[in-house]
Each structure stands twice: as structure tokens, then as C-alpha cells.
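Colleague: Sequence:
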Amino acid sequence: MNLFLTIAIVHLVALLSPGPDFFFVSQTAVSRSRKQALFGVLGITLGITLWSALALLGLQLVLYRLAWLQQLIAIAGGLYLAWMGLRMLRGALAHAPTPHGGARAAPGGDLATLRAGLLTNLANPKVVVYFGSVFSAFLGDRVDAATRWGLWALIVVETFAWFALVAAFFALPAMRRGYLRLTRWIDGLAGAVFIAFGLHLILARRG
Numbered sequence: 065m066n067l068f069l070t071i072a073i074v075h076l077v078a079l080l081s082p083g084p085d086f087f088f089v090s091q092t093a094v095s096r097s098r099k100q101a102l103f104g105v106l107g108i109t110l111g112i113t114l115w116s117a118l119a120l121l122g123l124q125l126v127l128y129r130l131a132w133l134q135q136l137i138a139i140a141g142g143l144y145l146a147w148m149g150l151r152m153l154r155g156a157l158a159h160a161p162t163p164h165g166g167a168r169a170a171p172g173g174d175l176a177t178l179r180a181g182l183l184t185n186l187a188n189p190k191v192v193v194y195f196g197s198v199f200s201a202f203l204g205d206r207v208d209a210a211t212r213w214g215l216w217a218l219i220v221v222e223t224f225a226w227f228a229l230v231a232a233f234f235a236l237p238a239m240r241r242g243y244l245r246l247t248r249w250i251d252g253l254a255g256a257v258f259i260a261f262g263l264h265l266i267l268a269r270r271g
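Under this note's numbering, the first residue of the sequence shown is numbered 65, with each subsequent residue one higher.
Hints were generated in silico from the structure; no laboratory data involved.
A quick note: this is a predicted structure, and the numbers were derived from the prediction, not measured.
Hints are not guaranteed to be accurate.
With a straight-line cut-off of 20 Å between C-alpha atoms, the simulated SDA-like cross-links for lysine to any residue are [claimed, not checked]:
#1 Lys99 / Leu263
#2 Lys99 / Lys190
#3 Lys190 / Ile259
#4 Lys190 / His264
#5 Lys99 / Ala238
#6 Lys99 / Met239
#7 Lys99 / Ile259
#8 Lys99 / His264
#9 Lys190 / Ala268
#10 Lys99 / Leu183
#11 Lys190 / Ala238
#12 Lys190 / Leu136
#13 Lys190 / Met239
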């Protein structure tokens, strides 16, 4: 099978597995707007751009050798995700219905959403381990630099395309109406999921 097609399929399977990025994009799209969700998608894509580039440059090997650095990054990321989850839970408990059924605006606007998407992705250092494993499994010494960076570009584009579709789906009017009926439950669930991801990162490093 063509190397590019193989990596594309492997990465798509990884994208289909719900994680912090998926919950961030879906919750942003359904509670705010497709435009803001796309800014979040751009932030997540920037994070993937960085993690995948670092994996190609061998960062995962550095993390394996410097266990304390990997632990520090994981704990910092876990604390950030847990903090985001607590904010969502607090918002769910204090939520007031939006007038006329409109979407809520995010504090700080589009750039704040982009930053939140970027930090959500960067908060999970397991991403660089994932990319390192994929590249180690499929890229040998015979694969030249042009091919490697071509695969990097493929991953970046595929990531943006997938999460843009997620944003478009959850921004549909039917999804928005459902969200307005179940706002507290959806925001509360999203907050709990983020807290669970954060605690998993922190506790896994201590195990």
C-alpha cells in the first residue's frame, strides 16, 4: 500500500477516537458558532503541526530519556485540561438560557478560541508519542526528507479537514436546538470529560 495512503488511514483512525480535541470542537460548535469552532480547529491544527514536526525531529526519544521532562509536561497539560473542565462545570451550573435561542459568544472572541484550541492540543503530550510511534513504524532510513515532510503536511491538512467537518456537523441548526434544550447536561458532561482527561494525564505519570 502507498505510504501516504497508509499514514492517512492510520491518522484517520486516530482522529475518529474521541479525545479532548473532539470534545472541544464539538462543544464550541454547538454552544457558540461554526466560525468560532473553526478558529478552535485552527488552534488544534497548529498544535498538531508542532507535535508532528517535533516527532519527526525525534522529540519522543528525548522524552524517553528525560522521564522527568515528560512527567512535567504531562502534569502541566493535565492541570490545564482539568482547569478547562472545571470552568465548563461552573458554566453549566450558572448557565442562563441565551435570549432568542442564539449562540453564546466566547469570552475574548475568535482569537481566544484559537488559543484555547491550541492549548487544548498542546496539553496532551501523548500526541508526540503517538506521532513518534507512527513514524517509527512506517518510516525507515530509506525514506527521504521530502517524503517525511510531505507526510507531515498530509497529517496537518487531514487534521484540519476532519475537525472542520466536526465543527460543521455540530453547528447544524438541529444540533444547536438540541443543545439549547440540554445545555446544562452537555456542558456538564464536557466539563467532566475534560477533568477525566486531565486527571488521567496527571495520575498516569505518577503510576
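Colleague: Taking only the CA atoms, is the gap from Lys99 to Leu183 under or equal to 20 Å?
Modeller: holds (18 Å)
Colleague: Taken at face value, is the distance from the CA of Ala238 to the CA of Lys190 at most 20 Å?
Modeller: violated (34 Å)
Colleague: CA of Lys190 to CA of Leu136, is that 20 Å or under?
Modeller: Given that 20 Å is the threshold and the Cα spacing comes to 13 Å, the pair holds.
Colleague: Within a Cα-Cα threshold of 20 Å, do Lys99 and Lys190 meet the stated pairing?
Modeller: It is violated: about 28 Å lies between the C-alpha atoms, which goes past 20 Å.
Colleague: Assess, step by step, whether the Cα of Lys190 is no farther than 20 Å from the Cα of Met239, and give holds or violated.
Modeller: Roughly 31 Å between the alpha carbons, so the hint for Lys190 and Met239 is violated.
Colleague: Is the hinted pair Lys190 and His264 satisfied, with a Cα-Cα distance of at most 20 Å?
Modeller: Cα-Cα ~11 Å, so holds.
Colleague: Are the Cα positions of Lys99 and His264 separated by 20 Å at most?
Modeller: Since the Cα atoms of Lys99 and His264 sit roughly 31 Å apart, the hinted pair is violated (cutoff 20 Å).
Colleague: Given the proposed pairing of Lys190 with Ile259, does the C-alpha separation stay at or below 20 Å?
Modeller: Distance ~16 Å between Lys190 and Ile259 Cα, so the pair holds.
Colleague: Decide if the proposed pair is consistent with the structure: Lys99 and Ile259, CA atoms, cutoff 20 Å inclusive.
Modeller: violated (26 Å)
Colleague: Holds or violated: Lys99 with Met239, Cα cutoff 20 Å?
Modeller: holds (15 Å)
Colleague: Regarding the pair Lys190 and Ala268, is the alpha-carbon distance no greater than 20 Å?
Modeller: Answer holds: Lys190 to Ala268 is near 11 Å, not above 20 Å.
Colleague: Given the proposed pairing of Lys99 with Ala238, does the C-alpha separation stay at or below 20 Å?
Modeller: holds (17 Å)
Of the hints listed earlier, those the structure fails to meet are numbers 1, 2, 7, 8, 11 and 13, in rising order.
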